[in-house]
Amino acid sequence: MKRTVFRNRWLPYLLVAPQVAITLVFFFWPAFDSLRLSLYRSSPFGDKLIWVGLANFQRLFGDRAYLRSAVTTFIFSFLVTFAGMGVALLLAALANAKIRGLGVYRTLLLWPYGIAPAIAGIIWLFIFHPSYGILPYVLSFVTAYQFNWFLKGWVALLLITVAAIWKQFGYNLAFYLAGLQAIPDSVLEAASVDGAGPVRRFFSMTFPLLSPVTFFLFTLNMTFAFFETFGLVHSVTQGGPGDATTILVYKAWKDGFEGLQIGISAAQSVVLMVIVILLTAFQFRYAEKKVVY
Amino acid sequence: MPRTMTMMRWTAGVSALLVAVALAPAAAHAKTEIQWWHAMQGVLGERVNEIAAKFNASQNDYEVKAVFKGAYPDTLTAAIAAYRAKQPPHVVQVFEVGTQTMLSSGAVYPVYQLMKDNGIAIDWSDILGPVRSYYSSGGNLYSMAFNSSVPILYYNKDLFKKAGLADKPPASWDEVEAMAKKLVASGAKCGYSSAWPSWVLMENMHALHDQPFADHDNGYDGLATTLKINGAFGVKMMDLLARGAREGWFTYNGRLSKAEANMGGGECGIFTTSSAFIAGLTRAADGKFTWGTGPLPKMSGYPQGNAIIGGASLWVLKGAKPEEYKGVAQFFKYLASTENQVWWAGVTGYLPISNTAVKAMEASGHFQKNPQQRTAITQLNSGKTTPNSQGIRLGNFVSIRDSSEEQMENIFSGKKTSKQGLDDAVTKSNEILKDFAALYK
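First to last, the protein sequences are chains X and C. So the number in our numbering is just where the residue sits in the first sequence, counting from 1, plus 341. So the number in our numbering is just where the residue sits in the second sequence, counting from 1, plus 11.
Calculated directly from the structure, the hints in this document are not laboratory data. Glycine residues also receive a C-beta, built at the ideal position from the N, C-alpha and C atoms. Careful: at least some of the hints might be erroneous.
What the hints assert, rightly or not - Under 7 Å between C-beta atoms, here's a sample of chain C residues computed to sit facing chain X:
#1 Pro84
#2 Tyr94
#3 Thr112
#4 Ser116
#5 Gly117
#6 Gly265
#7 Asn273
#8 Val409
#9 Ser410
#10 Glu417
#11 Asn421
#12 Leu450
Stated by the list, open to error - Covered by chain C, per the in silico footprint, the following chain X stretches (three or more residues, Cβ under 8 Å):
#13 384 to 393
#14 484 to 498
#15 571 to 584
#16 589 to 603
Said to hold, decoys possible - Per label pair, the in silico range of CB-to-CB distance:
#17 X:Gly387 <-> C:Gly150: 28 to 36 Å
#18 X:Leu480 <-> C:Gln431: 25 to 33 Å
#19 C:Asp250 <-> X:Val540: 54 to 62 Å
#20 C:Gln431 <-> X:Ala519: 51 to 59 Å
#21 C:Asp250 <-> X:Gln399: 35 to 43 Å
#22 C:Gly140 <-> X:Ala406: 34 to 42 Å
#23 X:Leu376 <-> C:Ser183: 53 to 61 Å
#24 C:Lys370 <-> X:Leu390: 43 to 51 Å
All chains, please: the whole structure from these sequences, using the hints.
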């Protein structure tokens, strides 16, 4: 690794100071405040603050709705991560071929990543809305089945899953493409000479060589599905129908900002914080060691 | 990393704002500024700005700044955050379900007190009964009634004609069912639907049939601790709608005002929602279809209650200077004026809040020209205000409404029986009420 040498002892500190300040103000401060508030029952206006110890957590883990939300979140996150990465890998392999107009394809495939989750949600709403969406209208000519996800939980969950996959697709594709291009042709050619067909080459050579990328994308997609799909859920389903699409981060927001139950909401964000710390630790512990970029 | 990028953009925005604030020149001659945070978007937001502009032009001492803060929950959350940071707005618009939260908050300067302290006499008894009772405590008005509406029934005349139905809104649920079936049989995509599921189909249906929604007179006589919606009436109401959903003559179209898009799109024959939808439907249906209104449908065999209002009121927060409160009092005096009420009700479809304003609208022939706007007032005046229909006041009503709507979805989709769903909603709500009571005991 290249090492930069600074003449002035203080300059490096000065240069990182803004980032440190941002982290302190926007991460550590709110994080510690959540930690503190999770131990209290607090009135909306903050005039009453009653110490309850771990009671908020106790309630949370005894609450069937919260456990249901956790299950929903895990199903959602694993679906988004595995299906999303699978599709991205497949298309990356295709986009890696030497064909005409490759640049155009790649650009188009990367596009969705540039869209904010809330906007992506609105776009999907226009396509899938049971009454003014285009797709249900077209489907109504072929089938009498009502895809009303205002009432059908599994349709709603499937809808936001697919939307999240689509949204994250460009990102996955970019990394897989880069990963594929980093694999030297000579390795694959050698395998060919040894008589391996394209499928064999893919599973025995390409896929293992891509494993660092896959691992990196796994944690990144999990984090995305867990935390950054809020805007999507908020604009498309608002957690419904029933609580079919109430993922953990949405529930934390809803209980805190709509329900004004600050203690319970803070406890939920502490749980989320633990999850993200575990994911990151997992990433650093196992991935960084083996990865050669 | 995307998150860091957002954060950096955010910080850049904040610093730009700080610079702008620092550089802003001091006002030429110091008008006292009054911050009014509200949640009215679209056409309604324009009207709110008009109110502020008209008030500002009417005098030289005060400047009302109307600031849009997002949807109702966002506006309340923003006001709470500002209050906790000791920078509260003077006036904040809070939706009706936030009433108990505000009353219990200890952060409020009651409106009757504000007016008294500033020597402005307002005849509170002139305010429409259901509106006054909703926002009063111990007979005193705590917040300034602003945008109040009641749910009414709308029907699509073109679809009625196609189905061979007479040009008359259904008056009972039996009629709704019979007509909606005919509408669907004649090809309508949706026979009957409703917006604001909890407000219209649970809260208002209980009040209209004089059935209790919660104990302690719906929370008007002490903090409510138990919801009563899982009684015989609630189950009957939900059974009817669940059957409607199964048989296809009732279509569920989502929470909040979402379903209004279906009525506006001309899909629904019969529809129930806020009277404030008149403005929106007038625009949406223009040149496409004709429509009419009627009072909410009733079930036979129950006593007469009344519809309860929805919408929002204006709360004054503690922590400002006396001269600023003087301005707020002047502003409220302007809001309550017959002139402003007549104009506001006329352009929005919300209720005029005073009887005098209603009379003025009658006299000017406004209701002859806009008969739909009379429906809500006729409905309110023909009802009977009882302990069950004066309003509903629950701690953390937002979450309670949310949990009932969640269960209504489970009931309409057939996932749960009416009784099971309502029992679950009550269990969850009682927990919420218990938490609230524990804070303010």
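Here is what the structure says about each hint:
no.: 1; hint: Pro84; result: holds (5 Å)
no.: 2; hint: Tyr94; result: holds (6 Å)
no.: 3; hint: Thr112; result: holds (6 Å)
no.: 4; hint: Ser116; result: holds (4 Å)
no.: 5; hint: Gly117; result: holds (5 Å)
no.: 6; hint: Gly265; result: holds (5 Å)
no.: 7; hint: Asn273; result: holds (5 Å)
no.: 8; hint: Val409; result: holds (5 Å)
no.: 9; hint: Ser410; result: holds (4 Å)
no.: 10; hint: Glu417; result: holds (5 Å)
no.: 11; hint: Asn421; result: holds (5 Å)
no.: 12; hint: Leu450; result: holds (5 Å)
no.: 13; hint: 384 to 393; result: holds (count 7)
no.: 14; hint: 484 to 498; result: holds (count 5)
no.: 15; hint: 571 to 584; result: holds (count 5)
no.: 16; hint: 589 to 603; result: holds (count 7)
no.: 17; hint: X:Gly387 <-> C:Gly150: 28 to 36 Å; result: holds (29 Å)
no.: 18; hint: X:Leu480 <-> C:Gln431: 25 to 33 Å; result: holds (32 Å)
no.: 19; hint: C:Asp250 <-> X:Val540: 54 to 62 Å; result: holds (58 Å)
no.: 20; hint: C:Gln431 <-> X:Ala519: 51 to 59 Å; result: holds (53 Å)
no.: 21; hint: C:Asp250 <-> X:Gln399: 35 to 43 Å; result: holds (37 Å)
no.: 22; hint: C:Gly140 <-> X:Ala406: 34 to 42 Å; result: holds (38 Å)
no.: 23; hint: X:Leu376 <-> C:Ser183: 53 to 61 Å; result: holds (56 Å)
no.: 24; hint: C:Lys370 <-> X:Leu390: 43 to 51 Å; result: holds (49 Å)
Consistency with the previously given hints is maintained throughout, with no hint failing.
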